[in-house]
Amino acid sequence: MLMLQSKLFTKTRREDPKDEQAKNAKLLIRAGFINKEMAGAYDLLPLGLRVVEKIKSIVREEMEKLGSQEILMTSIQRKDVWEKTGRWSDEVVDVWFKSALQVGGEVGFGWSHEEPIGDMMRNYILSFRDLPFSVYQFQTKLRNEVRAKSGIMRGREFMMKDMYSFSLGKEDHDRFYAAAIEAYNKVFARVGIGADTFVTFAAGGAFTKFSHEFQTITEAGEDAIYLNREKNIAINEEVLNDETLASLGVKREDLEKVSTAEVGNVFNFGTEKGEALGLFFKDQSGESIPVWMGSYGIGITRLMGVLVEKFSDEKGIIWPKSVAPFDAHIIVIGGMDSEAMIAANKLTETLEARGVEILLDDREASAGEKFSDADLFGIPTRIVISPKTLEEGKLEVKDRATGEVKKISEEELVSLF
RNA sequence: CGGGGUGUAGUGCAACGGUAGCACGAGUCGUUUGGGACGAUUUAAUCCCGGUUCGAAUCCGGGCACCCCGACCA
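The opening position of the first sequence corresponds to residue 4 in this note's numbering, with each subsequent residue numbered one higher.
Heads up, some of the hints might be wrong.
Claimed, not checked - Label-pair distances were calculated between CB atoms; the ranges are: (1) LYS101 / GLU259: 41 to 51 Å; (2) GLY252 / GLU109: 47 to 57 Å; (3) SER288 / ASP97: 38 to 48 Å; (4) GLU246 / SER130: 48 to 58 Å; (5) ARG255 / GLN105: 53 to 63 Å; (6) GLN24 / GLU246: 36 to 46 Å; (7) LYS59 / THR353: 20 to 30 Å; (8) ALA198 / ARG255: 33 to 43 Å; (9) GLY252 / ALA192: 25 to 35 Å; (10) ASP97 / GLN24: 22 to 32 Å.
Worth flagging that the hints you see were computed from the coordinates, not collected in a lab. Even for Gly, the Cβ is constructed at its ideal location relative to N, Cα and C.
Generate the whole structure from the sequences, applying the supplied hints.
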């Protein structure tokens with residue numbers, strides 16, 4: 004895959020936008036990955052969309068390994084479904100966006116899909132033979148937040164991967180729940196935040212004492228967790244009390260308080276949703292049993308924000324290799340029809356054949372400007388081709404993360420990918 | 001939703017109640033080409049509505065928008 008930078012319509016900015024404080028928004032806007040539409044709503048531009056798609060691919064792979072099936076539900080939702088669980092009320096759920104149909108009747112815009120999916124599954128879950136299974140989707144969630152903040156980390160419109168499991172009962176559910184946690188850990192490890200992401204004990208529901216959240220250490224986070232690194236136990240602030248501590252076997256004085264951002268959560272509904280929504284199956288004896296449900300979320304765009312918060316320096320973003328918009332950024336110094344350009348085109352072909360994704364800076368711009376943009380974009384490997392490198396017969400390769408510069412042959416370079 | 005702050009060319013900043021200026025960007029011409037090149041030249045703005053005043057970017061009222069703190073985040 005090759006993208007010519009001269010064709011990229013976005014521009015980089017030298018200065019931070021004045022209407023952003025959050026580092027993730029400042030850098031992503033300056034680099035042209037996103038555009039601010041309004042507070043809490045950002046457009047994904049070509050480079051930003053590529054990052055989001057990379058994250059989605061990783062999540063998708065892990066969900067497929069879990070055996071989950073991808074779907075896509077609607078954004079407009081029926082009122083009656085939410086009334087069944089008492090959550091249509093603005094008093095109960097304060098983030099609703101609602102509208103009215105011209106022909107009469109109200110609709111809500113999906114801030115979650117728990118109720119609609121439970122309702123939908125009444126069409127497909129009839130017998131114990133239909134269970135268990137799980138489905139997931141990448142969906143744009145709409146939430147009428149009173150205060151959007153922190154750039155793309157808390158928006159009114161954002162992308163979320165939500166998964167729902169439908170099980171025969173507790174045991175069946177617990178098996179999937181544990182597997183989902185494993186899958187989530189793999190996702191966070193693959194996007195580069197494994198070491199700083201902890202499964203925490205969070206407020207539970209009617210069926211479990213705790214739910215679990217995936218919290219990543221970052222100063223930019225809104226949450227705080229209490230961490231015992233030795234025992235690998237992390238506790239959310241809202242459930243930190245003597246009872247919790249006793250049940251988990253940790254002492255308050257052994258806990259370290261760290262600032263974190265929630266990147267995922269898993270929740271056990273038990274039979275609560277099934278009962279409220281009328282989602283039952285017939286067991287072998289013909290008895291009607293409520294379906295046991297769980298929900299599992301990963302904030303895709305928030306995750307992108309967290310990555311920028313964690314991986315950047317004064318010059319720009321430093322993407323982990325797994326989610327970078329491109330593998331390599333080739334910088335040509337010299338005109339469009341220079342020797343360097345010809346050499347760059349040749350190298351590009353060689354690398355492309357190996358599946359390397361390349362952004363080729365073929366613009367008529369000064370070297371300094373190209374280097375600055377490259378640093379801002381944060382593509383892991385920067386390759387410079389110039390009259391100088393041609394003369395030496397070597398390529399200059401710079402690692403964005405370490406800053407290390409190497410002069411190597413084309414063969415050596417190709418072997419890096 | 002409570003509190004605080006800010007709205008000026010595309011972007012980032014100036015301007016005592018008295019001619020809206022600077023830098024970057026963008027356009028044109030020329031010279032340049034390894035860390036945001038140089039010269040010439042052009043382009044382009046006071047969030048909206050109302051009030052005070054001879055005169056408002058500036059003061060007052062209302063609205064809208066954005067940022068921050070808190071609350072909220074099932």
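Please flag the earlier hints that this structure goes against, numbers listed from lowest up. Of the numbered hints given earlier, those the structure breaks are 4, 8, listed in rising order.
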